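Trainee: Chain B: place on chain A using the hints.
If you read the protein sequences in the order shown, they are chains A and B.
In this text, residue positions in the first sequence follow this note's numbering: the first is 1, and each later residue adds one.
In this text, residue positions in the second sequence follow this note's numbering: the first is 1001, and each later residue adds one.
Source of the hints: derived by calculation from the structure; they are not laboratory data.
Please note: incorrect hints may appear among the correct ones.
[Unchecked claim] Pairs of lysine-lysine, DSSO-like flavour, derived with a Cα cap of 27 Å:
#, chain 1, residue 1, chain 2, residue 2
1, A, Lys256, A, Lys138
2, B, Lys1055, A, Lys161
3, B, Lys1055, A, Lys19
4, A, Lys161, B, Lys1161
5, B, Lys1234, A, Lys234
6, A, Lys161, B, Lys1019
[As the list claims (entries may be wrong)] What follows is a set of in silico ranges between Cβ atoms, one per label pair, in the way DEER data are often shown:
#, chain 1, residue 1, chain 2, residue 2, range
7, B, Ser1238, A, Pro22, 45 to 51 Å
8, A, Asp14, B, Asp1239, 39 to 45 Å
9, B, Gln1213, A, Asp269, 36 to 42 Å
10, A, Gly35, B, Asp1180, 53 to 59 Å
11, A, Glu60, B, Gln1249, 36 to 42 Å
12, B, Ser1018, A, Ala79, 49 to 55 Å
[Unchecked claim] Here's a subset of chain B near chain A, in silico, CB distances under 7 Å, partners left out:
#, residue
13, Pro1083
14, Cys1096
15, Val1105
16, Met1151
17, His1162
18, Ser1163
19, Thr1197
20, Leu1209
Nothing here was measured: the structure is a model prediction, and the numbers come from that model.
Ideal placement from N, C-alpha and C gives every residue a C-beta, glycine not left out.
2 protein chains.
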Amino acid sequence: MTNSNEIAFSAQSDQGMSKLTPDQYPGILLDLLDGHLADVNRNIDVVICGMAGAKQGWMEAPYLETPANLGELGKKAIAPVMPSSGLKPRILSGVCQSANGNEDVMRGEETQLLGLLDLRPGFSGIVCLPGTHSKWAKIENGALKSFTTAMTGELFELLRKHSVLRHSLTDELTGENTDDGISQGLSESVESPQLLTSKLFKTRAASLLSGRQPDWCAGYLSGLLVGSEVAGHKNWLSDEPIPLIGSAQLCSLYTKALGMVGAKTEIIDATKATLAGLSAARKQIIK
Amino acid sequence: MTNSNEIAFSAQSDQGMSKLTPDQYPGILLDLLDGHLADVNRNIDVVICGMAGAKQGWMEAPYLETPANLGELGKKAIAPVMPSSGLKPRILSGVCQSANGNEDVMRGEETQLLGLLDLRPGFSGIVCLPGTHSKWAKIENGALKSFTTAMTGELFELLRKHSVLRHSLTDELTGENTDDGISQGLSESVESPQLLTSKLFKTRAASLLSGRQPDWCAGYLSGLLVGSEVAGHKNWLSDEPIPLIGSAQLCSLYTKALGMVGAKTEIIDATKATLAGLSAARKQIIK
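Chain A with its partners taken away, still in its complex shape (with noise of 0.2 Å):
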């Protein structure tokens, strides 16, 4: 990020907290800066968001409480030292909830959080966020009052890779027939979340007595699983339309669902809100 605030270049890697010791995060973020620093000299800020501020990340940055005001994510970043490379990184803070029985953690979600603020000021109400754990926000006065977490994406994988339902599944969410299928199971078990692990194997049973073939499988599987999630969000709905923060293909999917529960969505590209959110913490924090 340079001074005028601009995207002055975007790099990915995928590298991460299950791929890495501490002592690698240094040179990989050169190599994803290599250049590019003559380009914008070496004076720019770092800021960094998610797993690597995590215990077994590059350092951990402690948790902020709910409720966490996002305007303190770029005051209470850390900073781990990088000598002779001329740069000083930037960890953000990941946010937990730790009263008992409602113990719960985040990171990488409040910088998005964040962003969503920026983009949206003055943001109150509920947040969706889907992915491998979808996280629900409660946004007040800039605050994270509180959230919940949903093992849909891992519990999604988890069947696909390693479960009895593997034999009827594909690996894309694409199609036709997908869509039929996520239809059929997001209406079955926005119907019943209560009946999830009782409606999973019909995924099996489908495909053995009604040849349902393994596109369809994928898809009502999908929506078995994310048609539990959000009706058992059901409680957590206004008539205000639900920022949703993710991937195209799971904004969608989700979008669907939540139509399904008389919800409206509006939809906000994951990358946009991490960058913004990034952008707003590097505003906060004290050189």
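Mentor: Below, chain B without anything else, positioned relative to chain A:
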């Protein structure tokens, strides 16, 4: 099984459908019988139930369709050939429910249900068979009217072995801490079965934030899954005690869960039910 209908001996193998090709079954069977055949002479009946009759098993035994008269199980058995062994094994059918949108299959549990009818002549009502794939069955006038499958046991294993929760879990479900976790998981999930996917992640968060130990977390996860299954079947329940056919540990867990929704249970040892079912099927086989 000898002609006297008493159990002459029993033997076990850890070999099954997932490890064997069809032509390996006869050898495994002979190995199991080795040393015993002389005692009982070779004129014995071999009756088999379960996944040996699946498409990927020894030889496919077609399903009976619901409502399935359990008195027909033996009559519909198929007979793979074992030349020069003197043995004529029979593989019993599984049961399927092929109504579109309600598809389900079982192999093995139908034999345990037949065993239940032998142990409790004239039984009608709901039966629960907890396990990797738990079954809930409606029995009426000697027939299996309809059933559902909950992937409770498989989900527990998937989450324990492959998910992000694995860092927070022990392998064994024993001890006071575990019992405490089970109670907590059961009560949350019986209260709100529709929130299962949102509750699962609390296993991880409770270990990170509240110092919950791996034995507590394993109990909690197990309680969440079983509680959700049981509460999802609330409208199956009546004042009659529900026969539970399964391992002692699982039956005790399900008794606790069913108690929370006001249902009584009667525990029936799974091996006893299987042997009673095989004996009853043997009498039905047309020679």
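Trainee: Evaluate each hint against the coordinates.
Mentor: Do the hints match the structure? See the list:
1. A/Lys256 with A/Lys138: Holds. A/Lys256 to A/Lys138 sits at ~21 Å (cutoff 27 Å).
2. B/Lys1055 with A/Lys161: 21 Å, holds
3. B/Lys1055 with A/Lys19: Status violated; Cα separation ~40 Å.
4. A/Lys161 with B/Lys1161: 13 Å, holds
5. B/Lys1234 with A/Lys234: 21 Å, holds
6. A/Lys161 with B/Lys1019: Given that 27 Å is the threshold and the Cα spacing comes to 18 Å, the pair holds.
7. B/Ser1238 with A/Pro22: 45 to 51 Å: 58 Å, violated
8. A/Asp14 with B/Asp1239: 39 to 45 Å: 58 Å, violated
9. B/Gln1213 with A/Asp269: 36 to 42 Å: 41 Å, holds
10. A/Gly35 with B/Asp1180: 53 to 59 Å: 56 Å, holds
11. A/Glu60 with B/Gln1249: 36 to 42 Å: 39 Å, holds
12. B/Ser1018 with A/Ala79: 49 to 55 Å: 52 Å, holds
13. Pro1083: 31 Å, violated
14. Cys1096: 6 Å, holds
15. Val1105: 5 Å, holds
16. Met1151: Since chain A brings a Cβ to about 5 Å from B/Met1151, closer than 7 Å, the hint holds.
17. His1162: 5 Å, holds
18. Ser1163: Hint on B/Ser1163: holds, closest Cβ of chain A at ~6 Å, below 7 Å.
19. Thr1197: Where the cut-off is 7 Å and the nearest Cβ of chain A is about 4 Å from B/Thr1197, the hint holds.
20. Leu1209: Cβ of B/Leu1209 sits 4 Å from chain A, so the hint holds.
Violation of the numbered hints given earlier is confined to hints 3, 7, 8 and 13; the remaining hints are satisfied by the structure.
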